[in-house]
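Taken in sequence, the protein lines are chains B and A. To convert, note that position 253 of the first sequence is 253 in my numbering; the numbers rise steadily by one, no gaps. To convert, note that position 210 of the second sequence is 210 in my numbering; the numbers rise steadily by one, no gaps.
Heads up, some of the hints might be wrong.
Any copy will do: because identical chains look the same in the list, a pair fits if it lies in one copy or spans two.
To be verified - For lysine-lysine, the following DSBU-like pairs were computed, each having C-alpha atoms within a straight-line distance of at most 30 Å:
(1) LYS72 <-> LYS212
(2) LYS14 <-> LYS328
(3) LYS216 <-> LYS318
(4) LYS102 <-> LYS212
(5) LYS212 <-> LYS106
(6) LYS266 <-> LYS110
(7) LYS258 <-> LYS54
(8) LYS6 <-> LYS196
(9) LYS216 <-> LYS65
(10) LYS328 <-> LYS302
(11) LYS65 <-> LYS302
No lab work stands behind these hints: they were computed from the structure.
2 protein chains.
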Amino acid sequence: MEEGEKMGTIRVPKIVPSPGNDCKKIEEAFRGWRTDTKEIIRILGCRNSSQRKKIREIYQHLYNKPLTDTLKSKLPHDYLVFSDFKKAVIMWTMDPSERDAKLANKSLRKKKGVDHLQVIIEIACASTPEHLIAVRQAYCSLYNCSLEEDITSNVSLPLRKLLLCLVSSYRYNREVVDANLAHSEATVLQEAIEKKKLYHDEVVLILSTRNKHQLKATFECYRQNYGNSIYQDIESSGTGNSEYILRLAILCIDTPEKHFVEVVRKSVVGLGTDEDSLTRAIVTRAEVDMMKIRAEYFNIYKSSLDNAVIGDTSGDYKDFLVTLLGGKI
Amino acid sequence: MEEGEKMGTIRVPKIVPSPGNDCKKIEEAFRGWRTDTKEIIRILGCRNSSQRKKIREIYQHLYNKPLTDTLKSKLPHDYLVFSDFKKAVIMWTMDPSERDAKLANKSLRKKKGVDHLQVIIEIACASTPEHLIAVRQAYCSLYNCSLEEDITSNVSLPLRKLLLCLVSSYRYNREVVDANLAHSEATVLQEAIEKKKLYHDEVVLILSTRNKHQLKATFECYRQNYGNSIYQDIESSGTGNSEYILRLAILCIDTPEKHFVEVVRKSVVGLGTDEDSLTRAIVTRAEVDMMKIRAEYFNIYKSSLDNAVIGDTSGDYKDFLVTLLGGKI
Numbered sequence: 001m002e003e004g005e006k007m008g009t010i011r012v013p014k015i016v017p018s019p020g021n022d023c024k025k026i027e028e029a030f031r032g033w034r035t036d037t038k039e040i041i042r043i044l045g046c047r048n049s050s051q052r053k054k055i056r057e058i059y060q061h062l063y064n065k066p067l068t069d070t071l072k073s074k075l076p077h078d079y080l081v082f083s084d085f086k087k088a089v090i091m092w093t094m095d096p097s098e099r100d101a102k103l104a105n106k107s108l109r110k111k112k113g114v115d116h117l118q119v120i121i122e123i124a125c126a127s128t129p130e131h132l133i134a135v136r137q138a139y140c141s142l143y144n145c146s147l148e149e150d151i152t153s154n155v156s157l158p159l160r161k162l163l164l165c166l167v168s169s170y171r172y173n174r175e176v177v178d179a180n181l182a183h184s185e186a187t188v189l190q191e192a193i194e195k196k197k198l199y200h201d202e203v204v205l206i207l208s209t210r211n212k213h214q215l216k217a218t219f220e221c222y223r224q225n226y227g228n229s230i231y232q233d234i235e236s237s238g239t240g241n242s243e244y245i246l247r248l249a250i251l252c253i254d255t256p257e258k259h260f261v262e263v264v265r266k267s268v269v270g271l272g273t274d275e276d277s278l279t280r281a282i283v284t285r286a287e288v289d290m291m292k293i294r295a296e297y298f299n300i301y302k303s304s305l306d307n308a309v310i311g312d313t314s315g316d317y318k319d320f321l322v323t324l325l326g327g328k329i
Numbered sequence: 001m002e003e004g005e006k007m008g009t010i011r012v013p014k015i016v017p018s019p020g021n022d023c024k025k026i027e028e029a030f031r032g033w034r035t036d037t038k039e040i041i042r043i044l045g046c047r048n049s050s051q052r053k054k055i056r057e058i059y060q061h062l063y064n065k066p067l068t069d070t071l072k073s074k075l076p077h078d079y080l081v082f083s084d085f086k087k088a089v090i091m092w093t094m095d096p097s098e099r100d101a102k103l104a105n106k107s108l109r110k111k112k113g114v115d116h117l118q119v120i121i122e123i124a125c126a127s128t129p130e131h132l133i134a135v136r137q138a139y140c141s142l143y144n145c146s147l148e149e150d151i152t153s154n155v156s157l158p159l160r161k162l163l164l165c166l167v168s169s170y171r172y173n174r175e176v177v178d179a180n181l182a183h184s185e186a187t188v189l190q191e192a193i194e195k196k197k198l199y200h201d202e203v204v205l206i207l208s209t210r211n212k213h214q215l216k217a218t219f220e221c222y223r224q225n226y227g228n229s230i231y232q233d234i235e236s237s238g239t240g241n242s243e244y245i246l247r248l249a250i251l252c253i254d255t256p257e258k259h260f261v262e263v264v265r266k267s268v269v270g271l272g273t274d275e276d277s278l279t280r281a282i283v284t285r286a287e288v289d290m291m292k293i294r295a296e297y298f299n300i301y302k303s304s305l306d307n308a309v310i311g312d313t314s315g316d317y318k319d320f321l322v323t324l325l326g327g328k329i
């Protein structure tokens with residue numbers, strides 16, 4: 001998570017209290033008649049994933065119960081369901097690979113359409129190779145079968161094949177680009193899109209084995225050689241679901257920040273807010289590339305992502321998201 | 001490597017000398033006019049992979065050079081080429097994931113036929129999921145590209161697809177078997193073999209995503225439902241190379257010990273010995289399942305694997321292999 005250290009928005013205090021101290025303060029916050037939610041936000045919202053890991057471990061050791069169990073029982077409910085605040089804090093407190101394994105599993109249990117599979121594309125294409133492997137390991141531990149097996153039983157062909165290859169990828173992670181290869185593979189992609197064979201074996205192979213720098217060069221080559229961007233050509237191929245998923249995979253590989261700008265934007269525009277998507281975008285990217293997402297948001301909409309979030313949320317939920325975005329509450 | 005602790009043949013002394021002590025003795029063994037090869041064998045041949053790892057680290061620290069470099073320069077040459085002894089000791093001393101990444105790379109650089117791809121099938125199908133991931137990581141570190149990319153450029157379709165899916169697998173690793181699934185997937189396999197479509201997408205999917213216990217149940221179901229074993233049906237499909245590789249993949253998933261019995265047997269029968277294969281089989285399995293391989297060898301040939309190795313090798317090479325097999329020298 002080297003990139004995350006520079007591109008995340010969370011604000012870890014210069015002098016970080018010991019995990020033991022954090023645990024005691026968290027436990028105290030739950031003691032009163034009303035949980036001191038602000039204190040929970042101030043502590044957990046300002047610790048990075050390795051600090052949260054230590055807090056989870058020490059909490060288990062000190063109080064002999066998992067921290068997430070306490071959060072589940074003690075953070076305020078919204079009538080009978082988990083409030084958005086509660087869901088966000090729990091998601092943020094979990095181990096990131098376990099969190100993503102759970103998100104993937106939840107998305108696979110939805111049967112209609114393909115939009116919900118967006119989460120799996122995000123995990124497969126907008127993560128480091130190491131994180132993706134960790135998610136697959138966590139999935140096996142949690143669900144008694146592999147992520148690949150659940151994709152196989154829940155997603156039909158030809159999308160199944162693309163998803164399977166993307167989640168099984170372990171890309172080379174340094175900047176090595178072969179210009180000739182970019183050129184020839186741009187041609188392969190263009191021909192497949194022209195023939196409306198978006199999930200052709202060769203397309204799947206290119207997207208699931210090449211390193212991301214190589215792929216960015218390939219997409220750039222595509223634009224230069226064929227006038228349109230690969231996104232434009234996919235969109236005008238009129239292939240419906242395939243079109244949506246392939247475009248998404250390429251976007252998450254090429255410029256994940258642009259994808260997450262779309263997720264945040266869609267969650268906040270219009271009447272009501274899609275809190276689950278908003279939470280997912282901010283919780284999963286706050287210590288990865290939220291700086292880039294914020295810059296890109298401003299770039300596209302000439303307005304602030306932070307203000308959009310503030311304008312569309314309220315209470316503890318708003319305060320927690322603002323904290324993850326690096327703001328003061 | 002839980003299984004390895006019970007099923008390996010190497011003999012680690014009850015009181016293991018400290019890694020620092022081992023390093024000093026190794027360095028002394030190289031000091032004299034002639035390297036004391038027996039001492040090298042006695043030390044390195046009787047340490048498990050985590051002990052060898054510590055020895056490599058401490059050696060680097062004490063003498064400011066990698067242990068494998070010393071082995072390369074100081075162990076006796078065989079005229080101008082590396083002797084079999086030297087190759088075996090170096091292979092044994094390397095980190096197992098690095099060793100397998102190197103074996104995979106070497107096999108991909110051979111262009112003719114498909115026999116050499118056997119090594120990749122072994123790594124993909126006869127390893128734990130964790131080891132396979134570690135090999136992919138080591139491959140990226142060593143070769144500036146992923147194992148998958150090198151398979152893509154060096155192996156042609158349809159074999160490429162099978163290999164890619166097998167090396168990308170991360171199987172669930174506990175004993176969970178669904179009898180209905182075994183039944184229905186045995187049918188899928190049988191139909192594909194009957195139609196001579198050995199690398200059909202469904203076949204590849206089953207072999208690369210199901211856990212090994214499930215697959216064993218599927219192969220057993222196959223035998224019960226169709227009279228022949230899946231091996232017999234593949235062999236009589238008359239599909240040449242495809243037949244060879246598919247049978248191998250299934251064998252390495254189902255009963256890797258039987259595959260390695262074949263490797264050892266082929267290396268020692270007839271005139272001359274295929275030392276590279278013999279070394280690979282013994283070095284890669286000595287702390288994994290060599291006990292099982294030995295038992296299976298006796299079962300099939302009514303003679304001892306150890307005696308076969310002793311009868312076909314000599315000198316330090318023989319002594320080293322015998323040591324890995326748990327014998328005294």
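Please name the hints from earlier in the document that this structure breaks, with their numbers sorted from lowest to highest.
-> Those not satisfied are hints 1, 3, 7, 8, 9 and 11.
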